[in-house]
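Chains A and B, in that order, are what the protein sequence lines are.
Be aware that the first sequence starts at 6, since it is given in the numbering used here, and climbs by one per residue.
Be aware that the second sequence starts at 6, since it is given in the numbering used here, and climbs by one per residue.
Just so you know, the hints here were simulated from the structure itself, not pulled from any lab data.
Hints may contain errors.
Identical copies go unnamed one by one, so any copy, or any two together, can satisfy a pair.
Claimed, not checked - Below are the DSS-like pairs computed for lysine-lysine, each with C-alpha atoms no more than 30 Å apart in a straight line:
| # | residue 1 | residue 2 |
| --- | --- | --- |
| 1 | Lys14 | Lys63 |
| 2 | Lys16 | Lys35 |
| 3 | Lys35 | Lys63 |
| 4 | Lys16 | Lys63 |
What follows is the residue order along each chain.
Protein chains: 2
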Amino acid sequence: MYGYFGTMKAKPGHRDAVVEILVSGAGGLKAAGAHLYVVGVSDTDEQTIFVNEVWESKEHHDASLQLPETRAAIATAMPMLTGEFSSTEARIVGGLGV
Amino acid sequence: MYGYFGTMKAKPGHRDAVVEILVSGAGGLKAAGAHLYVVGVSDTDEQTIFVNEVWESKEHHDASLQLPETRAAIATAMPMLTGEFSSTEARIVGGLGV
Numbered sequence: 006m007y008g009y010f011g012t013m014k015a016k017p018g019h020r021d022a023v024v025e026i027l028v029s030g031a032g033g034l035k036a037a038g039a040h041l042y043v044v045g046v047s048d049t050d051e052q053t054i055f056v057n058e059v060w061e062s063k064e065h066h067d068a069s070l071q072l073p074e075t076r077a078a079i080a081t082a083m084p085m086l087t088g089e090f091s092s093t094e095a096r097i098v099g100g101l102g103v
Numbered sequence: 006m007y008g009y010f011g012t013m014k015a016k017p018g019h020r021d022a023v024v025e026i027l028v029s030g031a032g033g034l035k036a037a038g039a040h041l042y043v044v045g046v047s048d049t050d051e052q053t054i055f056v057n058e059v060w061e062s063k064e065h066h067d068a069s070l071q072l073p074e075t076r077a078a079i080a081t082a083m084p085m086l087t088g089e090f091s092s093t094e095a096r097i098v099g100g101l102g103v
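Required output: the full structure, derived from the provided sequences and hints.
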């Protein structure tokens, strides 16, 4: 399994709108090979959004970015983001919930 | 829900032993309030271990560190680690799998 831990920053006042887009689309990712798609925010920083993803494979994750609904969500969210992203990839070994 | 994304580094040659300790104890954390406890490794760095956790609350996570089995696991793993840790906390909003 493939793990992706990403962060993004929303422009001031737009965090919750971006979170809503991310959370509302998460359920539909299961059919595309997502095991987990967990969205979080910081209690001390009003701009940062965390997304923790576990996919069947990196290929499944990459392919999901081309889905029409994903592309639409990205297009809607992008103007609300600052452009600062970080990401870390992992090979998921196991644990609780995967 | 409380999210904790941590990394640790194993001393050379000890990563898999530490991963085994983490994964083997993960199932038992459910009763302590863990929703997810996902262990990953890097494909490009043989020392780094990722742990992604989602707990009912920060208090549940903190309390779990005092459990006898957790303390025993930490005591066993610690000599195999370099001492380099990182962690990020999040408030989990939702998504797939939580």
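Here is how each hint holds up against the structure:
In the homo-oligomer, the alpha carbons of Lys14 and Lys63 lie at most 30 Å apart both inside one protomer (23 Å) and across protomers (23 Å), since each shortest distance falls under that limit. Only within a single protomer do Lys16 and Lys35 lie at most 30 Å apart by alpha-carbon distance; the minimum there is 29 Å, versus 36 Å between protomers. Taking identical chains as interchangeable, the C-alpha atoms of Lys35 and Lys63 lie at most 30 Å apart whether they share a chain (14 Å) or sit on different chains (28 Å). In the homo-oligomer, the alpha carbons of Lys16 and Lys63 lie at most 30 Å apart both inside one protomer (29 Å) and across protomers (27 Å), since each shortest distance falls under that limit.
Of the numbered hints stated above, none is contradicted by the structure.
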